[in-house]
Amino acid sequence: MVSPRRRAVIEFVLDHLVWFILFAVVTLFSLTVPSYFQIGIFANIVEQSTFVATLAIGLSLLIIAGYMDLSVESVMALAAMVTGILFAKSGVGLGISFSPEWLVVPISLAIALAVGAVVGATNAYFVVRLKMNAFIVTLAAYIWGRGLVVALSSGRSAQELPAAMRVFAIERFLSIPLIAWVAIVATLVFAFILNKTPFGRHLLLVGGNPVAAYRAGIRVDRLTATTFILAGAIAGLAGWLLAIRTSGATANLGIGMLFQTFAAVVIGGVSLKGGVGSLTGVYAGVLLLASIQTAINLMGMPAHFTQLIQGGMVLVAVLLDTVKLSIRKKLA
Amino acid sequence: MKRLMVSLAGAAALAAATFLTPAYAADKGTIYYLVPTLLDEFQTGSVTAIEKFMGDVGYKTVTLNADNKTDVQQGQMNDVIALKPSAIVLAAVDFNALKPQIEAARAAGIPVMEFDRQITSTPSDLTSVAGTVEIGHVAATEIERLLKEKNGAVKGKVLQVLGDPGDPYTLDIQKGFEEKMKAFPDVTIVSKPAMQWEASNAGSIVSDQLLANPDIDLIFVHAAHLAVAATASLEAAGKKPGEVLLVSSNGAPVGLDLIRKGWEQVEVEQPLFAQAAALAMFADKVVNKQEIKPGTYDVLGLEGTVTIESWGPNIKLPGAAITKANVDDPKFWGNMKTPDTKVAPAP
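Listed in order, the protein sequences are those of chains A and B. Sequential numbering from 1 applies to the first sequence in the working numbering. Sequential numbering from 1 applies to the second sequence in the working numbering.
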């Protein structure tokens, strides 16, 4: 028999396990990797987490709702390329400008969000209305999305975004660039939505048991469609941030980020079966991956080890998930 | 009957017109160009250049994109072999994996020319490459000059940002660069790869290294699109143009723009136009299975050197250093002006 106090401690540790692992890993690297322990490096880790963290929000929401979305990486690249083509001044950029110049910020952001939302709505139409498999629909969107990026850019780059946009990558608050703050705020906002609003609670219910949720009066189709559109728009936001970070877009921008995002989501404790997950945990998962990547950048370790370690971590995360489940069963 | 006669007359007129056009007179068949990917400007530029120069010498070019997938390119090779074209131009996704297809094509009597990516494990009919090791040498020479100008002697710290470590293009440049820099023991080189040639990876490396090694004098990146991300990181770190020197290779348009803005000092060009033109110059000899003689050849004003290697005739074209003084020269492919010069078949 476990005492209530001990049970509470165990449950707290299980709920926040990824944060404890993150703390342990950062401590280990701080002690062993030269130059690692400094504010600037930690700020870099947060900055480098920006795009995967943003993508992970939408992906997590959909996985929690019981669906897969493989398209987020291509949606991000598409939004980045559209932003680059419209507003960058070099390469294939059209260099559209406004007076006053700062207007480019809300307008470009709105366009990036809209690009993402349109792809999300397209996915939603096929999945919700036509009852097609989300995995296949979003896999197709992953492919045609990247194809559209190449077609729009003809494989060329768009470079040099206006200074008003670049400010988000250059200006810092508490040593962290504004683009990273955008990702942090977005994570907190959606964590609040997931945990404290009817929309979020319904999402968890639908992911856990869609039939029960439907019988309980939740409009499952509408909720699913909204989540797809939201995930697309959030991927559009990630693209906007990525374009700002690199001051434009190349046709291969963000390639491979889907897999990092999936890894972060799993490490962060989102169950691939749906119905379980926390966005702050996912953010910790993203930070964990970025911490390892940064340590590899600073060490003399061959870069191939990054993927090896990340793959291993995903396996460990899934294993831990099973262990956590069994501990919770015993506690119950 | 009347309608049939009119149709026949029309067809005859069309055929006569077709026969009388110079295009038909010059139509020597179709060449398939298997491009590895269309995700960067060098590859898209290579399509335009090869189609143009092959057209100059009378061949129609059909391009197939493998989207960086070896299995797709293997399938494309198999399909193209079945179509029996005049020749295949291959820029291989994977050097070893395409070997059986190259052998199958040649066994079927279809000549294979290698573009940009040298395959030495099996013979082919012509290989046209930039000297990637030599690009590393040119970069080293320029970096030697820049460090001397900055520090009074060839000393300091260089951050080398490679492309994907699985790509021999970047490994060759690294090899050439590092073997030449061995002569300067006071230069410390820190090398990091940007996985999958992805720009934001390069940006992250530069951000981290500016903190781990704040005394970096110069950054050498292996592609211009990585230089853009490096510049963004320099800007975010509060650096001004020229404060940290920047050298890149491949000569893409974005690199030339960075030179114009003062962020980058040197771009070592990969001579795309000359590499493509060299294939066209020797296309007739390759298609007709005539001997290609070793020696030097003028290819669009560059001196190409043909050697006969164990893997067949190999033409190597030198890269050139682009600086602020010559950045607007239209001969550089990064200025996106395909030469008007018509390529003529080699004698």
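Worth double-checking, as some hints may not be accurate.
Straight-line C-alpha distance at most 30 angstroms; calculated DSS-like pairs for lysine-lysine [to be verified]:
hint: 1; chain 1: A; residue 1: Lys89; chain 2: B; residue 2: Lys52
hint: 2; chain 1: B; residue 1: Lys289; chain 2: B; residue 2: Lys84
hint: 3; chain 1: B; residue 1: Lys52; chain 2: B; residue 2: Lys84
hint: 4; chain 1: B; residue 1: Lys99; chain 2: B; residue 2: Lys60
hint: 5; chain 1: B; residue 1: Lys261; chain 2: B; residue 2: Lys342
hint: 6; chain 1: B; residue 1: Lys28; chain 2: B; residue 2: Lys337
hint: 7; chain 1: B; residue 1: Lys293; chain 2: B; residue 2: Lys148
hint: 8; chain 1: B; residue 1: Lys331; chain 2: B; residue 2: Lys261
hint: 9; chain 1: B; residue 1: Lys337; chain 2: B; residue 2: Lys261
hint: 10; chain 1: A; residue 1: Lys89; chain 2: B; residue 2: Lys240
hint: 11; chain 1: A; residue 1: Lys131; chain 2: A; residue 2: Lys329
hint: 12; chain 1: B; residue 1: Lys261; chain 2: B; residue 2: Lys285
hint: 13; chain 1: B; residue 1: Lys289; chain 2: A; residue 2: Lys89
hint: 14; chain 1: A; residue 1: Lys196; chain 2: A; residue 2: Lys89
hint: 15; chain 1: B; residue 1: Lys337; chain 2: A; residue 2: Lys89
hint: 16; chain 1: B; residue 1: Lys289; chain 2: B; residue 2: Lys261
hint: 17; chain 1: A; residue 1: Lys89; chain 2: B; residue 2: Lys239
hint: 18; chain 1: B; residue 1: Lys331; chain 2: A; residue 2: Lys89
hint: 19; chain 1: B; residue 1: Lys285; chain 2: B; residue 2: Lys84
hint: 20; chain 1: B; residue 1: Lys99; chain 2: A; residue 2: Lys89
hint: 21; chain 1: B; residue 1: Lys28; chain 2: B; residue 2: Lys261
No lab work stands behind these hints, which were simulated from the structure alone.
Each hint, compared with the structure:
1. In summary, the hint linking A/Lys89 to B/Lys52 is supported, as the alpha carbons are separated by about 28 angstroms, within the 30 angstroms threshold.
2. Distance restraint check for B/Lys289 and B/Lys84: the Cα-Cα separation of roughly 15 angstroms lies within the 30 angstroms cut-off, and the hinted pair is therefore satisfied.
3. A threshold of 30 angstroms between alpha carbons decides the hint, and for B/Lys52 with B/Lys84 the separation of about 22 angstroms falls inside it, so the pair holds.
4. A distance of roughly 25 angstroms separates the Cα atoms of B/Lys99 and B/Lys60; the hinted pair therefore holds under the 30 angstroms criterion.
5. Using a Cα cut-off of 30 angstroms, the hinted pair B/Lys261 and B/Lys342 is violated, with the two alpha carbons roughly 33 angstroms apart.
6. For the hint pairing B/Lys28 with B/Lys337, the CA-to-CA distance comes to about 26 angstroms; that is within 30 angstroms, so the pair holds.
7. Distance restraint check for B/Lys293 and B/Lys148: the Cα-Cα separation of roughly 42 angstroms exceeds the 30 angstroms cut-off, and the hinted pair is therefore not satisfied.
8. In summary, the hint linking B/Lys331 to B/Lys261 is supported, as the alpha carbons are separated by about 20 angstroms, within the 30 angstroms threshold.
9. Of the pairs offered as hints, the one joining B/Lys337 and B/Lys261 holds, with about 20 angstroms between alpha carbons and a cut-off of 30 angstroms not exceeded.
10. Using a Cα cut-off of 30 angstroms, the hinted pair A/Lys89 and B/Lys240 holds, with the two alpha carbons roughly 20 angstroms apart.
11. Proposed proximity of A/Lys131 and A/Lys329 is contradicted: the alpha carbons are some 35 angstroms apart, above 30 angstroms.
12. Of the pairs offered as hints, the one joining B/Lys261 and B/Lys285 is violated, with about 44 angstroms between alpha carbons and a cut-off of 30 angstroms exceeded.
13. Taking the CA atoms of B/Lys289 and A/Lys89, the gap is about 48 angstroms. The hint is violated against a cut of 30 angstroms.
14. Distance restraint check for A/Lys196 and A/Lys89: the Cα-Cα separation of roughly 43 angstroms exceeds the 30 angstroms cut-off, and the hinted pair is therefore not satisfied.
15. Between B/Lys337 and A/Lys89 the CA atoms are separated by roughly 19 angstroms; this keeps the pair inside 30 angstroms, and the hint holds.
16. Proximity of B/Lys289 to B/Lys261 is assessed by CA-CA distance (about 49 angstroms); at most 30 angstroms being required, the pair is judged violated.
17. With a C-alpha separation of about 21 angstroms, the suggested pairing of A/Lys89 with B/Lys239 holds against the 30 angstroms cut-off.
18. With a C-alpha separation of about 23 angstroms, the suggested pairing of B/Lys331 with A/Lys89 holds against the 30 angstroms cut-off.
19. For a cut-off of 30 angstroms, the pair hint linking B/Lys285 to B/Lys84 stands: about 17 angstroms separates their Cα positions.
20. With a CA separation close to 43 angstroms, the supplied pair B/Lys99 and A/Lys89 exceeds the 30 angstroms bound.
21. Restraint check: the Cα-Cα separation between B/Lys28 and B/Lys261 comes to about 46 angstroms, which exceeds 30 angstroms; the hinted pair is violated.
When held up to the earlier numbered hints, the structure conflicts with 5, 7, 11, 12, 13, 14, 16, 20, 21 and fits the remainder.
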